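Student: Protein chains in written order, with the numbering used here: chain A, 934 to 1314; chain B, 130 to 642.
Among these hints, one or two may not hold up.
As the list claims (entries may be wrong) - With a straight-line cut-off of 25 Å between C-alpha atoms, the simulated DMTMM-like cross-links for lysine to aspartate or glutamate are:
| id | chain 1 | residue 1 | chain 2 | residue 2 |
| --- | --- | --- | --- | --- |
| 1 | A | K1291 | B | D330 |
| 2 | A | K1107 | B | D330 |
| 3 | A | K1110 | B | E349 |
| 4 | A | K1036 | A | E1231 |
| 5 | B | K351 | A | E1131 |
| 6 | A | K1112 | B | E363 |
As the list claims (entries may be wrong) - Quick list of the computed label-pair ranges, beta carbon to beta carbon:
| id | chain 1 | residue 1 | chain 2 | residue 2 | range |
| --- | --- | --- | --- | --- | --- |
| 7 | A | K1265 | B | F164 | 33 to 41 Å |
| 8 | B | W298 | A | S1306 | 58 to 66 Å |
| 9 | A | S1306 | B | N264 | 14 to 22 Å |
The set of hints was computed from the structure by calculation and includes no laboratory data. In this text, all values refer to a predicted model and were calculated from it rather than measured experimentally. Just so it is clear, CB atoms sit at the ideal spot from N, CA and C, and this is done for glycine as well.
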Amino acid sequence: MNNRKHFSPLFAACGLFVFSALPMLLMSCTASSTTASSKEEDTKHQGPSPKDTSLKDTSPKDTSPKDTAKGGGGGEGGGGGATLKIGYSDWPGWLVLEIGKQKGFFKDAGVDVELVWFGDYGASIDAYTAGKLDGIMIDCASSLTAKSSVIIFLTDYSNGNDMLIGKKGVDSIKDLKGKTVGLEENLVEHLLLAKALEMNGMEEGDVKLKKVKTEDTTAVLKSGGADAIGAWYPISGRTLTEVADSKKLFTSAEAPGLIFDALQVDPASLTKHRDDWKKVVGVWFKCLEYLNDKNTHEDAVKIMAKRIEAKPEDLENNLKGTFLLDGPGNQKAMRKRKTLDSVYGSLQNADAFYLKRKVYDKSVKTENMVDPSLVEEVLKK
Amino acid sequence: MSRSSWFAIRAPLSSHRATIAKCAAFLLPLATWAFICLVWVPDVIITDQGDGPYKRDDRVPRADVELANATLGAQPPQFRLTEAAWQSLQTAGLPASTLTKLEAVKPTRQPNGEFQTLSWVDQKTLLKDVRDDPNEKDPDLDPYVDTIWNHLEKETKQPEVGDPSTVIWLPSPWRVAKAFYHAFVVPPNGTGYKLTSDSIDALRKDGLPESVLSKLKPLEGKLFAYADRDKFEEQLGAALGPDELQHHQKQILKRAYVKGDPWLHESLWHSCQIIFWGFLVSAVVGVPLGILCGTFDLFSKLTEPFIDFVRYMPAPAFAVLCTAILGINDGPKIAIIWIGTFFQMVLVVANTTRQFDPALLEAAQTLGATKRTLLTKVILPGILPNLYNDMRILIGWAWTYLIVAELIGASSGISYFINLQGRYRHFENAYAGIIMIGIIGLTFDQLLATLARFLFPWVPRSDRGSGAWASFFGALAYLLRGGRKPSAVSDPGPAPAFATAGPAAAAPKAPPP
């Protein structure tokens, strides 16, 4: 005669359900409240995601002192003091900004910029896509598959520093018929390979692709795992020295404008902190002047080489493979044309590449990805 | 009315209720996930890019989209050189030299048939872009700029449009289900049909007559994507007669098939093979060594300290080393699985062996067993059920190293798929890939668990098996035992179907990285 009420299992199940849903419900409440409040110019809102008010530095190996103007003497640090996080990696065109970091140009311009170093280019793109960076130094083609961004200035176009390297016995692109090429799929070197094949009258199906991370390409070519690899300087430089009898098969110098590199920015960040980003554009031109000035050129190269742990002479020899774009160069390349001398044309070409490779099935409106107005305003002054 | 409660202490649930609970184990998280995706939709998934920067299918916080649209609304209208405008310009009476210069800004036809077009806000910018030198007047362009401008289509800036969506890293279960289906069904890149000279030679060897082969010659070299199979068959039908086609179609399709990237089921199978080989290589040395360590203290003291030391070294750290030594194909992947599994295996097996009931050993010695007999006839059969469970758990362990292993050297398999989809922000595909691994792992594990019931019938279980499964596995176990009756060894302890308890759990374990 047990009249005690049993602990109803249904009640337990419901409790379990609510208990597990509760944290998510709480998160959704906080998310919608911050979304509502960030409609105005919110100085605390630094990144694209409303929950990320304290963007942790996830870069793997940045040991150099961070450049934050907070508490620093000169410069007023912008109206709201927003820190702009820009991710960069080992491409000569992007190392130029390192000059600004080391020489304090960002501080002088009054903008709080944190340059976040990435040893792995792909990881920097992933970090931007994950919302951890406000700006990313990226080749324009790859930005078509990353999170949406706007190009505010071009750093350079690749003029030889992206290349396909063949092992001993492989002498030209035509020799690659039926052979294996190791590179990162759908990244910049893949675009280069497609162009090389097109210019040699071959088809994509004529070579076999092996998916290898760019930093592993040296080891792969050395061990004979592939007959050719695709990489950019400085990785390509290492490959050419370490692998005996390896040679360049095709470089971006044969297709200038195929690969443009730029600083791309999260659209919301650009709208909210336009003045700060304009200052960054100004710093870029200042760094370029520092590099091109005879008196300071050596110091500039030294700073850049130190970042990638290369010898300054080595970097000096390879600088011409990256055609840096100054003010007039930027203006020329930011004209709206469908040819490869314009970044618009280059983007259209990259869009066609991705459509052919079925990375996506609808065209991206590449025209909306470029904002030349900041460069215009900076140069007018 | 039921006498027993759902919460009876140390008593099993009735089989009916057990089934309900097991189903709820999966349905509850699924329901929670679906519920969250219905109520928490702070982002917008872009369906129309309009004139803004956010690409289609990008998931953007609602505030950012509204900000972008507000900015667009404030901008002046633009004048676009559409395909229609370009066509009308051809008959506008412009000189050929002007039209040639305008080719630099004309619409571009993309591989999928869409057009990429350009637009300008005023005539000055148009001229600057089309001229050879932006600052010098061009006699081919400047006088005609009004005519050109009149043909351009005026547009106001269109806003970004999208649907409410969950945050990008939490796709809804129905999206993931769709992605699951698509991942298997969509043909991978490079797969298709192409008649090459090699395939025609192969067809010749197959016995196709020369008359047919000569008709196929004009089709040689053209690549048809897998999705365009009908077009290929159409072209075949046009080239050959109807009964020639019917007779030879299968053979031609077989020989013309071009393999591109692997299909998803091929990737999964490849992953399974890697796990299998890695695990096998571990077990061949690991299990005997573990048993020896558990039986003889000398082996234990000789090998376990060192193995315990190496066990803490994370397997991914050896990735680059393995690539350098073993190349870039399957070698380093199997090596990573081995590194991750072997050291744990030895310690776990040694522990299981040590847990063997010493009373049985003493009883056997009383009956006059030699050391060899003790090892082979007492310990080995005795630890078999627990050893089996250890192996089940360790296989699960090996699967967790799969992601790391498959990304080194030449990336391949399911992990590459997951990673690539994550990079493209198609997280539903990444989730689908992860769930696939989970399903494969669980199914395999449950098969092994059910098999255990019949391999080791002397082990007491809490639930009863019946019917078709029982007969199937009973037969399988009978075959595996070589037709012998199971030996009557007293059980070393209960081994529940979902095993995480038991001696294996007591062994020290470092969590997988």
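Student: Confirm or reject each hint.
Tutor: Evaluation of the provided hints:
no.: 1; hint: K1291/A <-> D330/B; in the structure: violated, 31 Å
no.: 2; hint: K1107/A <-> D330/B; in the structure: holds, 24 Å
no.: 3; hint: K1110/A <-> E349/B; in the structure: holds, 17 Å
no.: 4; hint: K1036/A <-> E1231/A; in the structure: holds, 14 Å
no.: 5; hint: K351/B <-> E1131/A; in the structure: holds, 16 Å
no.: 6; hint: K1112/A <-> E363/B; in the structure: violated, 32 Å
no.: 7; hint: K1265/A <-> F164/B: 33 to 41 Å; in the structure: violated, 55 Å
no.: 8; hint: W298/B <-> S1306/A: 58 to 66 Å; in the structure: violated, 33 Å
no.: 9; hint: S1306/A <-> N264/B: 14 to 22 Å; in the structure: holds, 19 Å
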